[in-house]
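Student: Listed here are the chains, written in short residue letters.
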Amino acid sequence: MEIGLNHYLVLSTILFAIGLIGVLKRKNLLLLFFATEILLNSVNVAFAAISHYHGDLTGQMFAFFVIAIAASEVAVGLGLLIVWHKRHSNIDLDQMSSMKG
Amino acid sequence: MFEAIAFYLFAFLTITMFYITVTTSQALHALTALAAGMIFISAFFFILGADFLGAVQIVVYSGAVMALYAFGMMFFDTTRELKEKQGNKYIIFGLSVLAAVLVVLIFAAPMVSDNITALYPMTEGVGNTQEVGMVLFTKYLVPFEVAAIMLLVAMISGIVLASKQMDVSQTLSKDEPIQESKKGVTS
Amino acid sequence: MEIYLYIALFAPFVGSMFAATLGASKKTTIAGIIPSLLLFVSFVASSILLNHILSGGEVVHVEMMTWMQTGNLYIPFGFVVDQISVTMMMVVTLVSTIVHVYAIGYMDHDKAFNRFFAWLSAFVFSMMILVMSDNFAGLFIGWEGVGLCSWALIGFWYHKESATWAANEAFIMNRIADLGMLIGIFLVFWNTGTLQYAEAFAAMQFLDQETLTWMGIFLFIGAMGKSAQFPLHTWLADAMEGPTPVSALIHAATMVTAGVYLVVRSNELYSLIPHVGLFIASLGAFVAIFAASMALVNRDIKRVIAYSTLSQLGYMFAAAGLGAYWVALFHLMAHAFFKALLFLGAGNVMHAMNNELDPFKMGGLGKTMKTTMIMMTLASVALAGIFPLAGFFSKDLILEVAFVDHHFIIYTVLLFTAGLTAFYSFRIIALIFHGEDRHTSLGFHPHEAYKFMLVAISPLLILAIIAGFTMKGTFFEMVTQLLPATEYHVHSALTYWIMTIGTQLFVILAIFFAYKKYMASDIKVPDGTSKMENSFVYKLLINQYYIPYFYEEYLVKSYRELSTVFWKQIDQKIVDATVDGIAGVLYNTGENTRVMQSGNLSTMLRWVVIGLVTILSLAVAFGLTVRYLDEIQAILSGLGA
Amino acid sequence: MLDNILSILIFFPAVAGIFGFMIQKDSMRAYGVSVATIEFALSLWLWFSFDSDASGMQFMEQVPLIEAFGISYIVGIDGISLFIVVLAAFFTMIGIASLSDTKNVKNMIITLLMLQMTMVGVFVALDAILFYVFWELSLVPMLYIIGAWGGPLRIYASVKFFLYTFAGSLVMLVGMLFMAYFYYQATGVWSFAILDWHRLILPENFQLWLFLAFFIGFAVKVPMFPFHTWLPYAHGQAPTIGSVILAAILLKMGTYAFIRFSLPLFPDAATFFMFPIAILAIIMIVYTAMVAYAQEDIKQVVAYSSVSHMGVIILGIFALNVEGITGSIFLMIAHGVVSGALFLLVGVIYDRRHTKQMSEFGGLASVMPRYATIFGLMLMASVGMPLTINFVGEFLSLIGFYQQSHTLTLLAGMAIIVGAIYMLSAYKKMFFGEVTNEKNKNLPDLSKRELLALIPLSVITIWLGIYPKPVLDPINNSVESVVQLMHDKSITDEAKSRIPNLVKDIVITRTSKEAQ
Amino acid sequence: MLEPINISLESLNLITLFPMLVPVIGALLIILIDIIKGGLDKTLFVALSILFLFIDFNAVLSSASTFVTDGTVMGVFDMMLIDGLAILAQLIIVGASVFFLPLVISGKSFHESSTPEYFALFLFMIAGLQFMVATDSLILIFVGLETSSLAIYTLIAMHNRDKSFEAAVKYFSMGALAAGFYSFGSMVFYALTGSVEINQIASVLAANNYADIGFVLVGTAFMLAAFGFKVALVPFHTWAPDIYEGSSAAMAGFLSIVPKIALFVVIMRLFEFLIHSGVIWLEIVLYIIVVLTMTMSNMWALVQTDVKRMLAYSSISHAGFVMAAILIGTTQSNTALFLYWILFSATNLGAFGMLWMSRQKELLAGQSSDHSYEKFSGMIQTNPVAAMIMGLFMLSLAGLPPFALFWGKLYLISSAVTAGYTVLALVMALNSAIAGYYYIKLIVYMFMKEPLEQNDGTIIVGNSSLVVKSIIGFATIGTIFAIFAVSPLLEFITAFVYNSGY
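These protein sequence lines are chains A, B, C, D and E, in that order. Residue numbering for the first sequence follows my numbering, beginning at 1 and increasing consecutively. Residue numbering for the second sequence follows my numbering, beginning at 1 and increasing consecutively. Residue numbering for the third sequence follows my numbering, beginning at 1 and increasing consecutively. Residue numbering for the fourth sequence follows my numbering, beginning at 1 and increasing consecutively. Residue numbering for the fifth sequence follows my numbering, beginning at 1 and increasing consecutively.
Calculated from the structure, these hints are not laboratory results. From the three backbone atoms N, C-alpha and C, an ideal C-beta is built for every residue, glycine too. Be a bit skeptical, because a hint or two may be false.
Unchecked claim - Label-pair restraints from in silico Cβ distances:
1) Y628(C) x P276(D): 46 to 52 Å
2) G107(E) x A621(C): 35 to 41 Å
3) P276(D) x A198(C): 53 to 59 Å
4) D101(D) x M64(C): 42 to 48 Å
5) E63(C) x V63(D): 44 to 50 Å
6) A24(C) x P276(D): 46 to 52 Å
7) S497(D) x Y628(C): 28 to 34 Å
8) F11(D) x D456(E): 48 to 54 Å
9) D456(E) x A54(D): 55 to 61 Å
10) A198(C) x A54(D): 45 to 51 Å
Please build the complete structure, drawing on both the sequences and the hints.
Tutor: Below is the structure:
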């Protein structure tokens with residue numbers, strides 16, 4: 001059974017869906033950030049696969065940059081969490097609803 | 001055949017790991033599962049011949065990102081069990097699964113994929129890293145540099161946000177501390 | 001001659017303006033004298049014009065200036081003095097001069113003396129415009145002008161609710177008719193291209209019958225309003241709320257005859273449409289008897305005279321409708337004299353009785369008010385049409401016209417009405433001046449009017465007596481230059497004599513009956529107990545056939561209610577509420593959907609995903625459809641087959 | 001200077017208004033009156049320099065603004081707009097002069113001067129966008145006047161006024177853009193100049209849609225039934241000066257726009273919609289007159305009477321012949337004068353008693369005879385008494401429409417009946433009868449300042465009623481050219497037959513470009 | 001073995017990088033200065049930043065003149081794409097920034113302005129946005145986007161109060177999700193065409209005759225979601241009001257203008273060819289989204305009690321308008337987009353500047369947000385000039401002629417009309433009418449109500465300074481006299497857009 005591009009795409013989709021579940025479900029901000037990492041990673045798999053099947057390096061490049069972006073996001077995200085945590089001693093997003101309407 | 005076995009194995013593993021990550025109520029479990037999942041992902045990269053990417057994945061994710069998260073977890077003291085109030089679970093799962101199913105519906109079909117010309121074809125016999133380097137420093141030089149700026153931005157952001165300076169907010173203080181201090185200096 | 005025309009026309013206007021400038025200041029007799037003098041000047045000028053016309057002079061026609069000019073429409077302020085208008089001018093200026101002088105005395109004690117003369121002279125001015133205009137638009141100016149002055153004068157004592165109500169009623173009812181008039185004018189304009197009498201009538205000869213009929217009908221609707229013909233008649237009786245000189249001048253002698261004037265003026269039109277003429281005549285005859293019947297029982301002197309006016313207007317229309325335009329005009333003139341006289345006499349009585357109008361509270365006034373009694377009696381005799389007074393010559397002529405034209409129903413009705421006229425006229429004469437003294441016990445101390453007032457009205461008395469036999473010939477000579485000179489001769493002299501004498505006897509009989517019934521010393525003051533008063537006919541008559549009641553109950557009230565419904569229900573609850581509703585829907589949609597922005601991050605993320613999934617589903621649905629288009633088509637065609 | 005007189009007329013009040021900020025508060029009224037008087041004098045000068053015999057635009061000025069998109073500053077004046085401009089200047093002057101002591105009089109006067117700019121601008125603009133600019137801009141000062149100086153419901157009323165008109169005119173804007181696009185398609189050049197548009201002949205179905213788009217904008221402004229409900233609120237809540245200007249000038253924008261845009265641009269659509277619009281107009285006339293009769297507030301009576309009279313104006317416009325259109329333009333002026341005066345009169349009593357409920361009054365004729373007299377005069381003018389200004393307009397409008405439909409004119413003619421009903425009953429309630437209310441016993445009669453405003457209006461009412469020629473002639477000339485244009489442009493047989501051809505002997509060959 | 005690559009320096013066209021490098025250098029300089037000597041006053045950094053932005057602006061202008069002579073220029077391995085859109089967008093980005101940045105020199109001192117990093121991040125963000133618009137590679141777009149986004153998160157948070165953090169966290173989390181969508185969408189396009197360059201994607205898809213329409217649609221859907229989030233289209237808009245409320249007014253105003261125009265250019269690049277190649281689905285979906293965005297955000301704006309939140313919703317609505325331009329996709333509509341946005345910038349600069357000027361550190365008694373409507377009530381009595389200026393901006397936003405935004409609306413609706421989108425034109429027109437209500441509401445408060453007791457008029461101008469006032473003054477002049485700028489702008493923009501093939 002040949003593993004084709006579609007297999008990887010479907011896998012990527014499934015992983016992406018898991019990431020989505022996490023994003024939607026998590027109330028703890030840190031864990032929510034985990035889920036966003038999953039989103040980006042799932043796409044990376046697909047990029048690498050496409051790159052492979054197309055015999056083209058661009059996909060890998062994209063994935064490379066996605067990794068860089070993910071890493072940067074972690075830095076900023078954690079920074080924000082730290083400020084928030086300093087003030088409120090929690091990182092529960094349900095506590096964040098001073099603005100609405 | 002080997003490829004198929006490896007694919008399914010790692011597919012199963014990553015899915016499981018990530019699933020644990022998003023469902024477990026133990027933050028530590030989530031972190032561990034995430035790290036494991038990341039490593040399993042890198043396995044795909046190796047399978048697909050993207051060695052450089054695999055290495056970067058392990059270094060950046062399992063190294064840097066996970067370290068940062070681990071630090072964060074200690075800081076936030078989230079080692080205890082999470083209590084998460086949940087909304088309607090069915091909506092969450094429904095939405096996500098629906099999204100997946102929809103995309104899969106399309107992805108299940110093979111692509112026509114005509115007229116595709118590899119702009120940066122892989123060269124036989126050249127190491128992946130070398131290839132990547134070649135492309136990265138020619139075509140993708142600008143994004144690479146911008147990525148560097150981005151990382152710099154992220155670094156500055158992280159520093160600024162986490163620094164002690166943020167502890168006393170001028171926005172909230174009634175008087176003007178800087179001017180006060182200046183006055184103090186001059187007088 | 002033009003200078004006389006302008007003098008005749010504008011002298012009343014100057015008088016009116018003079019009194020109006022004094023309007024806000026205190027009562028000064030000068031405010032009455034100057035307008036009266038100016039009216040006299042106007043009268044003199046009219047007389048000169050009459051003389052000019054009588055002596056075979058040219059018709060005086062001037063165009064003062066352009067009024068409106070646009071497109072094909074050209075309306076000047078044009079005035080014409082011809083045989084018809086000069087007759088009207090004479091009647092108007094003469095009667096109004098007399099009424100003015102009379103009113104100096106009559107209104108002596110009124111605070112708003114100055115205002116009264118301002119309006120009264122303004123009325124004369126409007127009336128002069130009405131009769132002198134050489135086109136329909138000018139006629140309409142006068143037409144509305146007299147309506148306005150009539151409104152102001154009926155409501156002269158504006159603090160009285162009944163007066164202002166009557167004023168508004170008169171105005172609005174006239175307006176209803178004016179609409180007809182206006183439409184008539186439009187018809188004339190669009191079919192003949194002009195509103196000038198001469199050209200319009202000339203052009204009418206070539207129009208088709210239907211158009212002419214409509215024209216005739218609409219113009220006559222206008223006439224019906226001013227002349228208070230059924231069913232627009234109720235305002236005239238209510239208009240008696242105005243001061244009596246007003247009733248004499250406006251609601252007896254001049255304004256109400258404007259309708260007749262219009263028909264006479266448009267004789268060339270109506271000659272072309274005899275069927276409309278017949279309708280007019282029938283309506284006239286009907287109104288004659290209809291009004292007379294109401295006068296029989298009424299307990300208000302002025303109203304009785306008003307109904308009598310109405311009845312006589314019916315006569316005039318009957319004549320005009322039958323094509324005897326000169327007869328109508330002649331009766332108009334004669335009627336103006338004796339009816340004004342009658343009213344002014346009634347004014348004297350009212351003055352003496354502190355504005356008491358119920359003849360049953362009078363009686364025996366003849367002792368103190370001999371002159372007035374003579375005047376009113378003679379006027380009534382003239383009204384009843386007894387030889388040789390004015391009424392005989394004009395009214396009998398109308399009967400003859402009807403007879404000769406073989407409209408025997410009209411003739412019979414008119415003949416019967418003549419009897420009724422005599423009866424009710426002398427009913428009030430008897431009640432007022434004769435019989436037992438019923439007023440002293442009520443605290444009235446009547447006295448005769450000022451001398452100068454009596455002198456002032458004496459010309460009317462003379463005219464009421466002599467107008468018939470002195471003027472008929474000359475009048476006929478003059479007006480038939482313009483109007484169809486139909487002479488009405490009963491074919492056999494015998495029939496003529498039988499008719500005339502029979503009529504006279506009938507009328508005299510009615511007079512005697514009235515005297516007998518109401519001069520008795522023990523007449524019963526109606527108090528709702530007698531058998532007659534409870535009879536259906538009496539109730540019908542005293543309630544004016546329930547027509548005012550019907551108008552009030554069903555038209556006025558429903559109009560008022562409908563207005564409120566329109567405002568409160570439709571305008572506010574439907575039209576406006578729809579507008580506010582649209583705004584409300586928008587606002588409430590915002591208010592109800594703003595929960596979407598709950599402030600919770602999870603919700604926000606969820607919305608993003610929902611958006612994505614929605615778009616995705618659309619995309620996938622579309623994508624799959626395209627991909628499997630062939631299959632789908634196959635299936636569909638299979639289903640179809 | 002005469003070359004730029006229109007621009008001066010537009011911008012002089014605005015500039016003066018801006019300078020007004022510098023004026024000391026106590027001298028503000030004097031300043032306002034002098035500015036408005038200068039403006040009025042300028043407008044009179046315009047009138048005297050106006051060539052009454054010419055039918056085309058005069059004093060044209062043209063400056064391109066957005067050349068690529070065909071938007072220019074084009075102003076010009078013809079007989080149709082001349083008198084409304086004069087009237088606008090006149091009413092601003094009278095309004096400022098008769099301003100009673102209100103708070104923030106400075107703001108009020110500046111606002112009025114700004115309003116004047118927009119009013120003059122609307123009537124002289126010959127570029128659709130320029131027209132639209134002034135049209136919309138006029139809402140703002142009015143919004144402020146109603147909202148800041150109005151009665152208890154002032155905010156609701158002002159916002160309603162603003163939004164309703166705003167919404168309507170946005171639809172109109174879409175119509176204008178379509179029109180410009182069609183012009184672009186036909187000629188390859190963008191242009192919003194009305195005179196350019198006049199040369200364009202559109203297919204009938206385009207005309208119908210565009211007509212509707214413009215109609216919504218105009219109908220709200222007029223206001224036509226059923227878009228009229230903002231008006232009673234606006235009038236009811238507005239201060240006297242606001243009502244006066246609103247009734248006298250602002251409402252005329254809608255009817256003026258019908259003549260300037262709808263008729264010459266879409267003659268076939270105008271013919272097509274003539275009867276529906278006439279029916280609406282008749283509903284306006286009769287229905288609103290009945291609503292007016294039911295009112296308890298004298299100002300509302302006058303407000304609804306405005307709607308009713310606007311119905312006659314609409315009817316005259318859609319007579320599509322010279323008589324009707326001339327009449328309707330004249331009636332615009334007439335209604336401006338008369339309703340303006342009536343609102344001033346209502347303001348007089350409101351200043352004294354701070355109530356407008358008719359039940360509060362009664363017998364005022366004996367307390368305030370001068371007031372009653374002028375009120376009576378205006379009342380009679382309002383019900384269309386001949387020899388007053390209104391009659392000329394109403395008569396011509398109705399006679400014009402009579403050519404198109406007899407029955408509808410008969411119904412519309414009920415204006416003279418229903419108008420008399422509500423006006424007379426209102427007059428009766430206020431002025432007749434005994435003085436029952438103690439508070440009314442010692443009301444002062446009209447003051448000098450009030451007379452200063454009312455006497456000129458009374459004089460105009462009578463003068464133009466007797467001698468309308470100086471006004472009618474220029475209007476007539478311009479209207480004739482409009483009607484001829486419509487006849488030449490019309491493509492359907494229906495329109496050709498409905499719109500009279502004034503040039504009887506010359507056979508007109510259609511040379512204008514047809515829209516592709 | 002790979003061949004060594006020989007590339008001449010000229011062929012790289014490094015000059016194309018110059019505009020973006022200027023702010024980067026500026027940012028580094030600022031950091032350097034701060035390291036060398038701390039505690040320097042904010043005015044120095046503002047001046048430096050403005051200086052660099054000026055240089056940047058001139059650099060863009062010079063590339064504009066290059067564009068005029070040479071047309072579209074590619075550079076640095078064809079990664080940079082300097083076409084008319086890029087230049088226009090950069091001009092707006094840099095130009096608007098020049099005006100928004102100095103707003104930090106306000107009467108009161110707020111946290112962010114005391115931190116030199118704020119200015120560094122600001123300049124980095126500008127650079128990121130510039131990169132984003134000056135390329136058609138999805139990678140560089142992504143990286144540029146993230147650079148600017150990360151900087152923006154921090155800039156928001158640096159206002160340093162609870163609401164700012166909350167806003168930053170919300171924005172960040174949703175931004176991360178959007179980044180996921182973006183990368184997924186890019187992946188699909190890459191899978192389809194083997195390229196991540198928009199031109200390439202377009203040509204490959206066209207060559208395949210859109211055979212894999214399903215894939216294309218999935219990719220488009222993800223892209224739409226990602227961009228929809230960034231420019232705040234309903235239903236991806238939920239961040240906008242909270243973020244606007246949480247940030248300082250100056251920052252909120254900036255957010256409503258600058259990042260969005262960069263996104264619009266990207267959207268235009270990506271979607272334009274899809275729409276033109278007859279992907280009806282996209283047209284329908286965009287149509288729905290545009291109508292929803294305009295209408296729903298208007299309705300939400302109706303019910304707001306805080307002016308800044310109202311302006312947030314109004315910005316969403318305006319973004320909907322501009323999306324309509326992309327949907328229409330003619331040269332005229334694309335021109336209209338830029339014109340609209342320039343005029344919108346001037347007005348929004350003023351409006352948010354006014355809010356910023358009225359910012360006080362502590363909430364007024366009884367108020368739950370910084371800029372409640374009540375705060376502005378009776379302004380005509382206490383601060384007449386300020387009230388009039390604010391009213392002017394509101395009228396301009398409402399699209400009242402002859403103020404700035406009207407001309408944008410006019411041209412935009414006209415483009416809809418010209419392209420046959422009659423219903424859309426009507427929807428736009430009617431939405432303007434609905435929008436009128438909430439803008440007028442503020443005018444009602446300012447002009448027709450009595451002031452709050454505690455408000456003696458100083459509150460409204462509490463945060464004013466000469467700089468803030470001058471900027472507002474500039475915006476005022478721009479808003480009033482926009483008509484005179486429209487004609488040259490229109491010619492300029494049309495030339496640039498048309499010559500870029502849009």
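Student: Next, verify each hint and record whether it holds.
Tutor: Here is what the structure says about each hint:
1. Y628(C) x P276(D): 46 to 52 Å: Cβ of Y628(C) to Cβ of P276(D): about 50 Å, so the range 46 to 52 Å holds.
2. G107(E) x A621(C): 35 to 41 Å: 56 Å, violated
3. P276(D) x A198(C): 53 to 59 Å: Between P276(D) and A198(C), where Cβ atoms are some 40 Å apart, the hint is violated.
4. D101(D) x M64(C): 42 to 48 Å: 46 Å, holds
5. E63(C) x V63(D): 44 to 50 Å: 48 Å, holds
6. A24(C) x P276(D): 46 to 52 Å: Given range 46 to 52 Å: holds, Cβ gap about 50 Å.
7. S497(D) x Y628(C): 28 to 34 Å: Given range 28 to 34 Å: violated, Cβ gap about 59 Å.
8. F11(D) x D456(E): 48 to 54 Å: 36 Å, violated
9. D456(E) x A54(D): 55 to 61 Å: 60 Å, holds
10. A198(C) x A54(D): 45 to 51 Å: Between A198(C) and A54(D), where Cβ atoms are some 34 Å apart, the hint is violated.
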